[in-house]
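The listed protein sequences derive, respectively, from chains A and B.
End of the first sequence = 332 in numbering that gives the first Met the number 0, gap-free, step of one.
End of the second sequence = 332 in numbering that gives the first Met the number 0, gap-free, step of one.
Don't read these hints as lab results, they were simulated from the structure.
Errors might be hidden in some of the hints.
Since copy identity is lost for identical chains, a pair holds within one copy or between any two.
What the hints assert, rightly or not - Pairs of lysine-lysine, DSSO-like flavour, derived with a Cα cap of 27 Å:
| # | residue 1 | residue 2 |
| --- | --- | --- |
| 1 | Lys283 | Lys317 |
| 2 | Lys201 | Lys1 |
| 3 | Lys201 | Lys227 |
| 4 | Lys281 | Lys6 |
| 5 | Lys227 | Lys43 |
| 6 | Lys283 | Lys6 |
| 7 | Lys6 | Lys227 |
| 8 | Lys281 | Lys317 |
| 9 | Lys283 | Lys249 |
| 10 | Lys317 | Lys249 |
| 11 | Lys281 | Lys249 |
| 12 | Lys43 | Lys1 |
| 13 | Lys1 | Lys249 |
| 14 | Lys201 | Lys6 |
Protein chains: 2
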Amino acid sequence: MKKLINKPEDVVREALAGMAAVHADLINVDIEQQIIVRRDAPIKNKVGVISGGGSGHEPMHGGYVGYGMLDAACPGAVFTSPVPDQMLAATRAVNGGAGVLHIVKNYTGDVMNFEMAAELAAAEDIEVVSVVTNDDVAVQDSLYTAGRRGVGVTVLLEKIVGALAETGAPLAQVAELARQVNNQGRSMGMALTSCTVPAAGKPTFELGEDEMEIGIGIHGEPGRRRAKLATAAEITETLTNPIVDDLRLKAGEQVLAMVNGMGGTPLIELYIVFNELERILKGKSISITRSLVGNYITSLEMAGCSITLVRLNDEFVKYWDAPVHTPALRWGR
Amino acid sequence: MKKLINKPEDVVREALAGMAAVHADLINVDIEQQIIVRRDAPIKNKVGVISGGGSGHEPMHGGYVGYGMLDAACPGAVFTSPVPDQMLAATRAVNGGAGVLHIVKNYTGDVMNFEMAAELAAAEDIEVVSVVTNDDVAVQDSLYTAGRRGVGVTVLLEKIVGALAETGAPLAQVAELARQVNNQGRSMGMALTSCTVPAAGKPTFELGEDEMEIGIGIHGEPGRRRAKLATAAEITETLTNPIVDDLRLKAGEQVLAMVNGMGGTPLIELYIVFNELERILKGKSISITRSLVGNYITSLEMAGCSITLVRLNDEFVKYWDAPVHTPALRWGR
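Bound-form chain A, shown alone (with noise of 0.2 Å):
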């Protein structure tokens, strides 16, 4: 296993203690419980924006934590849903009196101890609305999860809810915009190569040297096929007609563009990734008009790619442009 780390044990508590030692100024990282929290929460009367799921994604979602976007994140064991108790945490920590949203990958562990930590939190009278994402169309079930998987499309949604929030809007709006976001967005990914669980020491799945999986979660659960390796213009094809076709996207909608590195795989052949999606969609007179390219929602140092795609209108725009200021996102101030 070759990684630049101590003890697989240690990984996320010193991953953690590195990320709060650079990013002093905009987060406060409680080690311990693993919850990472905005530096001015709570902010009163506003919607709290909390997140989280297993580690081994960043910088999701500890990186989304800032001014315009998520104000807590509560990073679980690599691959492991965090636990209520860290989440019920994060919920308090964020929570000005106006009630938090909380964000959920579709994950089975994910959404059963997010369930739990919401009746915490009702129990202390902290008003909580949980929306569950579920953008990836590449399988209906998967090892992890009844129903589609939230992928791509929650960092998006964090940017364009959390903007939202930032206005004072109320928890209703927040994540009724949450909902809509979701609906607009879809995902599918593909990878070249695995990844390895630091606590697990090896690959999670094997892939010949000609092979590639496509429709791959992000860890590394199995997607559609195995296929033989193909050309980027082919791969890029492959994932992005299921999620015009699933979306049902026209010719003259317009679109927010994500492609995503799963963490080994260099910006070079993204961008080249991108020049192929926005071929595609020309083809169909379908306009990318923001756009995203980079390492967003990894999977340790997998290599490949997903392509996310949401269908825009003037509020997503609207918020999306807005001033965020965290780890990974940060424009307008």
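With the hints as your guide, set chain B onto chain A.
Coordinates of chain B only, in the frame set by chain A:
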């Protein structure tokens, strides 16, 4: 060769096309000539700042073109110097009448070609000053270089010097600041894995399952030594101590620290390395007061990291903190 590409010979052209599409608000890309120019160039009476080098190190340098950093970048083929004609075209495109600074990493091909471009520009009455970066403490001479290689400090220098150029400072002053940053900066890198140049189709070098290369260059040039895998703590110590010694950093001094991923290393590991770096420097009473953690000067999909330290003074801090708006670095606007 597992890559998200089409034909190896189209990699740079297609990646540039993708980059142009993603960042059309910031840059103009001449895909045939392979130059990336700031949209508002040339800026009258502002020193033009350009850099260039082989592709495969993204986001360097094209990702640093924009307000407060570079005015243009010329990417060569993968791991291959751009040609003088490209550099001359970039120099012309950014010449606003106040002259042009060439920032050149110390690799034999880059130095030779930038020298030729400067002569051609001089023949057109464009004043050019070149500053060569040579911050890599790992080896004195290497496969592609006489003297020390120019690596991570180049990124930090481009940010600091670009901010000064933005104020309208004259060429001599901009060049002098570039020399000062280079003098105060040192780097060292290591690799856990090799990388594969698309046109070659096989790894640049071989590393055993339990081996790493210490002091690697950004093209996979051999480093100081091959060693058995070690912990993040040991690796960070191995990279940091030669930098601190060479810079003669003393207790009480402040540094800008970059922990850079080589392209295939996940962010969670880079934060662990940063945590170790902070611990080591704290032990020497050296403070990290500015920092950057992520993939900034890469070697395709190589796994590994490099550390760069720049001794800070008030001037460096002022220009580091100044607004920047490029594809890869953005703050303050």
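Hint by hint, here is what the structure shows:
no. : hint             : in the structure
1   : Lys283 to Lys317 : within (25 Å within a copy, 48 Å between copies)
2   : Lys201 to Lys1   : both (10 Å within a copy, 20 Å between copies)
3   : Lys201 to Lys227 : both (23 Å within a copy, 18 Å between copies)
4   : Lys281 to Lys6   : between (48 Å within a copy, 22 Å between copies)
5   : Lys227 to Lys43  : neither (54 Å within a copy, 53 Å between copies)
6   : Lys283 to Lys6   : between (50 Å within a copy, 24 Å between copies)
7   : Lys6 to Lys227   : between (36 Å within a copy, 16 Å between copies)
8   : Lys281 to Lys317 : within (23 Å within a copy, 44 Å between copies)
9   : Lys283 to Lys249 : within (8 Å within a copy, 61 Å between copies)
10  : Lys317 to Lys249 : within (22 Å within a copy, 49 Å between copies)
11  : Lys281 to Lys249 : within (11 Å within a copy, 57 Å between copies)
12  : Lys43 to Lys1    : neither (46 Å within a copy, 50 Å between copies)
13  : Lys1 to Lys249   : neither (45 Å within a copy, 33 Å between copies)
14  : Lys201 to Lys6   : within (15 Å within a copy, 32 Å between copies)
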